[in-house]
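Going down the list, the protein sequences come from chains A and B. Going by this note's numbering, the residue at position 117 of the first sequence is 117; the numbering climbs one at a time, nothing skipped. Going by this note's numbering, the residue at position 168 of the second sequence is 168; the numbering climbs one at a time, nothing skipped.
In short, the hints are calculated from the structure, not lab data. Take the hints with a grain of salt, since some may be wrong.
Repeated chains share a single entry, so a pair holds when one copy, or any two copies, can fit it.
Listed below are the simulated SDA-like cross-link pairs for lysine to any residue, each with C-alpha atoms no more than 20 angstroms apart in a straight line [as the list claims (entries may be wrong)]:
| # | residue 1 | residue 2 |
| --- | --- | --- |
| 1 | Lys96 | His234 |
| 2 | Lys125 | His72 |
| 3 | Lys125 | Leu186 |
| 4 | Lys125 | Ser73 |
2 protein chains.
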Amino acid sequence: MKQRLLSGAILIFLLAAVVFFNQSFPLALNIAVALISAFCIYELLRAIGFVKRLFISIPAITTAAIVPFVVHSEITFLVLCLYTGVFFLGLLAHHKDVSFSELAVIYSMVVIIPVAMRTLTDLRKLGGAHGMFYVLIAILAAWAADAGAFFVGTFLGKHKLCPNISAKKTVEGAIGGVIINIGIMLLCGYLFSGVFYQGTREVNYLMMAIVGLVSGFTSILGDLSFSLIKRSCHIKDFSKIIPGHGGILDRFDSVIFTAPAILLLVSYFPLVVT
Amino acid sequence: MKQRLLSGAILIFLLAAVVFFNQSFPLALNIAVALISAFCIYELLRAIGFVKRLFISIPAITTAAIVPFVVHSEITFLVLCLYTGVFFLGLLAHHKDVSFSELAVIYSMVVIIPVAMRTLTDLRKLGGAHGMFYVLIAILAAWAADAGAFFVGTFLGKHKLCPNISAKKTVEGAIGGVIINIGIMLLCGYLFSGVFYQGTREVNYLMMAIVGLVSGFTSILGDLSFSLIKRSCHIKDFSKIIPGHGGILDRFDSVIFTAPAILLLVSYFPLVVT
């Protein structure tokens, strides 16, 4: 538990560094997102046992590292088309000992993970002058729901949510996580508007609460989905790089589902009103 | 063979009908593309044995039918995000008897097939007044390479291209298919510029030849890739709806790879110069 909290603090410190350097070095966010995406795909390839098949692993990791730097959707399309072509060439090259369904796991993750993580950079763009506030909200919403569910579940958990997928998750934890998440989002709104801007900027508290509610659900969905992916690879954690949390992908699974959902929400209803 | 030629003629007749009605009813192309995409996904679901799991099949087929009508890339992103969410909910609902790797085959095809087929409508938009010429070129290029490889291979084929994947394909057929394809593309350019427009419009013959060359390769890649997908599903054809050709997906597998490649080519180097 101590280890888990310490690692969490280090992650939040790294996140704060990216926020701090955003003005002077805006690419820091893209680099962080690219590194996370590429490392997630690396962990997945290692878990499935394909990391040494360079014709499969190099295009996958490269694509994951490039997508977070692409601004225009046409170029994203071009990159993903090229990856698709190379992916099928790789499948043809290895067709004797690899089946399509094994590689389809990798293909779908190379489409989902970098595109989903890239929405963090889209959120910064969408937020304009408050771009990093939007990014922070997306990451904190995913993590707060996770942490809230973990703590509420540990103390109050009685009914298992889905024992076959994730042994420790409880219904009480899930509900508690959503409620805590809404509270933390409202608090973030107050800190931003009332404390940081001293009331000169107004946030839409209803939207903050909706973001908390939605990300509470997407966070659980992300967590459970990646648990199923891990189970189909017969592993417990994707790696052990973050002590107490597992792999990068174990830590960012909820962000992968939450960030796109928040992007879609706030592109119609902004968080910052004035 | 007779059946194969007859079915081919009917397909070309249907294609001609879409071209003919393009002025008076431009949605005809979107409807045709949507029907083809949805039917391809239906065939795939049936081949893998998931068509009766409605929580999996309905979102997949619906997404395939919607994407060809979407104009803006933001809305495509929204549709694919919603599909991704519903897909993982379906996986959670069926997690006891379905593994992620089985469903990843469906997920990747729902991303690839409708998005790739939709590029036909993008080609029409890109071509402006000559939009349907661009669409025809993309479809004919895929089919001519297929047919060319089939005929050359039948008469001159000696060396197997990749006997483990597709027993009948030969190296001679593949090379002959590419050469015939380049010839047919140049002929199409002449028919468009010299015959239909009587020289008042100029095509870029070098680009026509490059399109023939590239689509010769993408057509083979598409054909072989879907052969591997079929083999991983333990089937010979996706269905028997087109006598002599197999399923819709058997007929459009090369178009799925060729249309995006041609879109990427001609968005930088137009086919019609004046």
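Verification of the supplied hints:
Taking the shortest alpha-carbon separations for lysine 96 and histidine 234, only the inter-copy value of 15 angstroms comes in at or below 20 angstroms, while the best intra-copy value is 23 angstroms. Taking identical chains as interchangeable, the C-alpha atoms of lysine 125 and histidine 72 lie at most 20 angstroms apart whether they share a chain (12 angstroms) or sit on different chains (18 angstroms). For a Cα distance limit of 20 angstroms, the shortest separation of lysine 125 from leucine 186 qualifies neither inside one copy, at 22 angstroms, nor across copies, at 45 angstroms. For the identical chains of this complex, lysine 125 and serine 73 are neighbours both inside a copy (14 angstroms) and across copies (17 angstroms), given an alpha-carbon limit of 20 angstroms.
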